[in-house]
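Asker: Sequence:
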Amino acid sequence: MLHSMSTTVEAVTERSARSAAEVNEEIRALWRRSGGTLTTEQRAEYQRLVMEWAAATPRSKRAA
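All letters in the sequence shown, in the order written, are residues 19 to 82 by this note's numbering.
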């Protein structure tokens, strides 16, 4: 399945209603499913999730 997605934090923020904890759990699940090695497709998903997590995380927590 191919679809267009923006990789900017602003675009992720606009469509993300999930908390940083929810996104973090999805990131952890992705790593568990992958066995520690991501495919090219999984790597793209990981990057999208990290951008979503960063958008959902308050700036004060990211700076720590």
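Hints are supplied without guarantee of correctness; some may be wrong.
[As the list claims (entries may be wrong)] Label-pair distances were calculated between CB atoms; the ranges are:
id, residue 1, residue 2, range
1, E63, A35, 17 to 23 angstroms
2, L56, R77, 25 to 31 angstroms
3, A35, T57, 25 to 31 angstroms
Derived by calculation from the structure, the hints in this document are not laboratory data.
Quick caveat, the model's predicted, so the values are computed rather than measured.
Yeah, the Cβ is synthetic: ideal placement off N, Cα and C, and Gly gets one too.
Asker: I want to verify a distance hint. Is the separation of the beta carbons of E63 and A35 within 17 to 23 angstroms?
Answerer: 18 angstroms Cβ-Cβ, so the 17 to 23 angstroms window holds.
Asker: Given the hint of 25 to 31 angstroms, check if A35 and T57 actually sit that far apart at their C-beta atoms.
Answerer: The hinted range 25 to 31 angstroms holds for A35 and T57, with Cβ atoms some 28 angstroms apart.
Asker: Is the distance from the Cβ of L56 to the Cβ of R77 consistent with 25 to 31 angstroms?
Answerer: 27 angstroms Cβ-Cβ, so the 25 to 31 angstroms window holds.
When each numbered hint is compared with the structure, no violation occurs for any of them.
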